[in-house]
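These protein sequence lines are chains U and V, in that order.
The first sequence begins at 1 in our numbering and counts up by one.
The second sequence begins at 429 in our numbering and counts up by one.
Mixed in with the good hints there might be a few duds.
What the hints assert, rightly or not - Using 20 Å as the maximum straight-line C-alpha spacing, the simulated EDC-like pairs for lysine to aspartate or glutamate come out as follows:
hint, chain 1, residue 1, chain 2, residue 2
1, V, Lys521, U, Glu363
2, U, Lys225, V, Glu539
3, U, Lys224, U, Asp417
4, U, Lys162, U, Glu127
5, V, Lys521, U, Asp5
6, U, Lys225, V, Glu528
7, V, Lys521, U, Asp359
8, U, Lys211, U, Asp241
9, U, Lys224, V, Glu539
10, V, Lys474, V, Glu539
11, U, Lys217, U, Asp178
12, V, Lys521, V, Glu539
13, V, Lys521, U, Asp190
14, U, Lys201, U, Asp216
15, U, Lys224, U, Glu415
16, U, Lys411, U, Asp399
17, U, Lys162, U, Glu363
18, U, Lys262, U, Glu296
19, U, Lys211, U, Asp227
20, U, Lys21, U, Glu415
21, U, Lys224, U, Glu363
To be verified - Which chain V residues face chain U? A few, computed with CB under 8 Å, are given here:
hint, residue
22, Glu486
23, Glu488
24, Thr494
25, Gly497
26, Leu500
27, Ala501
28, Glu539
29, Ala540
30, Phe541
In case anyone wonders, no lab produced these hints; they're calculated from the structure.
Don't be surprised by glycine CBs; every beta carbon is placed ideally from N, CA and C.
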Amino acid sequence: MLSRDENELLTQTDSAMPAGKYFRRFWLPVLLPSEVPTPDCSPVRVRVLGEDLLAFRDTNGRVGLIDEFCAHRRASLFWGRNEECGLRCVYHGWKFDVNGTCVDMPNEPSEYGFGNKLRTTAYPTREYGGLIWAYMGPAEHQPELPKLEWARVPDSHRYISKRFQETNYLQAIEGGIDSSHSNFLHASLDAFRVTDAYVEKVRNSNNLRAKYHLLDKAPRFTVKKTDYGLVIGVRRNAEDDRYYWRLTQFLLPSHTMIPYQKGLAIHGHCWVPRDDQTCWVWTISWNPEAPLSEEEWKTIRDETFVHAKVDPATFRPVRNKANQYLLDREKQRTANMTGIHGFASQDQAIQESMGPVVDRTRERLGTSDTAIIATRRLLLQEIRELGEGREPFTAGHGDVYWVRSASLLLKRDVEFDEGARELMKAEV
Amino acid sequence: MALNGHNRTTGRQEVNPGRQEVNPGHIVSVQDFSADTLRNIIAHLKASSSFEHLVYREAELDAIWTITGFFLANEPASSMRDEVNRLHAGAQKAHDLVAERLPGAAATVLEAFL
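Only chain V is shown next, with the shape it has when bound in the complex:
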């Protein structure tokens, strides 16, 4: 499943796990909620352990929650609403797991949306 409510690519991402090494000390640029973006965040979640890493992951998940929220508010007739709604809730769950210092569990939550 590829969710990309804005039909944009993730070209400005700082780190792409497909092409570069994952660095949990960098913030993933979140411009959409596509599968590529989610994969990138998942890869970073799995590599995260320190306070700083978890702060960056929380910021990325906040951003996913925010833009899925925008989508739900602005696209009432979209056929993707149910999927995006689930991702919106999943991003919140993953966010709260990161807050509990459980980035691996947060990654598992997001993997359900790939």
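Extracted from the complex, chain U is given alone in its bound form:
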């Protein structure tokens, strides 16, 4: 449960709001490079943190991210010409470079000297880890890029998708760290009913998650605050004197990782506020040791797990609110809990069903919601500290992101962060 004030403090990210100022202390993913593929290509609209911006790649290959609306009469620069190292407004010909400087003002007499003195809003960008990132905060606080493992593997080891979600970013993060929903929302009916066939299948598989989720459906939660945010340990009883642990990271301001089993691909998300009612969901799958395998590509293509197909222009998922996520009631009766295909669409459907900004004063939380409580408290603490003049430590220390999620068996008397210390180190 949160108070109304706390809920608003966490979920409002316009530039004047405390959480908006907090997010503006970090580099945030804003574009796939393929959206601005070549020099002088078409500009694209980008809405992030409640700001309407325009991205373009100039003649020299630099990516600009500027106010969508011309500083002259506020016409949209989306209609503009991307030419000779700048974007020219087609209304009166004013032209802006990637730094936001007005480099040409052909309708004003040159003796007035407006040119080169006028600037529009422009944010620095970086191409890094298969994405274009932007920093939208004060220049004097520009942070380091986060040294996330997935950002440092070769392109062939990584796949990134982008989708539009009709909820506030926090609802999406809360889905990402709430591991207790996976036994229900993402379950097959066989798994939910624990049929003999399912038990047999699990017994013969190497999938530790399925095996130990079957043995213990009431996991215990542990959280630890770290330099990067939180590590969330979820513990289930295993054989003999051991526990099965699944460790998820929440990395400030809005990255998460799904527990990783050695030898398989790792998956993570970054949830970026588009505005207070919508967010961008960046989903990353990577293998630190090898190119993604054919089996991993098949999972991506078939949309069975964390990625979902989207409209290439709007990034709205093919399965979306307007078409009820292509819900199949027959499938729900016979195959899985939701009747919706794929984990990503299942998550999106249930999170969007809560409304754009869920009223957290009306929740009924329990101890299985510990990770959600911890994440909110950490973000509230960070946002309030910034309001008191303390800069976020994490933003200035890119090295702290050098971690990976884990799942493992440990003796019951071993603390999970001790037992998993080596596994949680990123290697790339």
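Start from chain U and add chain V according to the hints.
What follows is chain V alone, placed relative to chain U:
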């Protein structure tokens, strides 16, 4: 006063201050709002100081608030309604004090219900 709307014991609690050492790094298993459960939470509140401890205490108080809310919704004719209503409000107050990093004050609020 012993409030236990579900007439259940607290047998699955991980930590019982009467029998074991209080460990604020463990989450108290909240299955009811009996005096035993409240005592256990109070003991843990008094031993809590770190970010993690306070998160666990908040989760426990959320759980007390939730199950007292269920009781109030489902037991309209119960003679315990007034008491449970007060505990429901007290759990919220204690929860908000924990959010303000005041676990000792939260413990004092709950002690009024023993």
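Is the Cα-Cα distance between Lys162/U and Glu127/U 20 Å or less? 16 Å, holds
Take the C-alpha atoms of Lys225/U and Glu539/V, compute the straight-line distance between them, and say whether it is at most 20 Å. Judged against 20 Å, a Cα distance of about 29 Å means the pair is violated.
Is Lys211/U within 20 Å of Asp227/U, Cα to Cα? 32 Å, violated
Have a go at the Ala501/V hint: is there a Cβ in chain U nearer than 8 Å to its own Cβ? 10 Å, violated
Identify whether the interface hint at Phe541/V stands, where standing means a beta carbon of chain U within less than 8 Å of its own. 18 Å, violated
Given the hinted pair Lys201/U and Asp216/U, is their Cα-Cα distance within 20 Å? 17 Å, holds
Agreement of Lys224/U and Glu539/V with the hint, judged by alpha carbon distance not exceeding 20 Å: 29 Å, violated
The hint names Thr494/V as touching chain U; please verify it with the least Cβ-Cβ distance against 8 Å. 4 Å, holds
For the pair supplied as a hint, Lys521/V and Asp5/U, confirm whether the alpha-carbon distance does not exceed 20 Å. 15 Å, holds
Decide if the proposed pair is consistent with the structure: Lys224/U and Glu415/U, CA atoms, cutoff 20 Å inclusive. Given that 20 Å is the threshold and the Cα spacing comes to 11 Å, the pair holds.
Is the straight-line distance between the alpha-carbon of Lys162/U and that of Glu363/U 20 Å or less? 29 Å, violated
Pair hint Lys521/V and Glu539/V, alpha-carbon separation not exceeding 20 Å: Holds - the C-alpha atoms of Glu539/V and Lys521/V are around 13 Å apart, at most 20 Å.
Violated hints, in rising order: 2, 9, 13, 16, 17, 19, 20, 21, 26, 27, 28, 29 and 30; the structure is consistent with all others.
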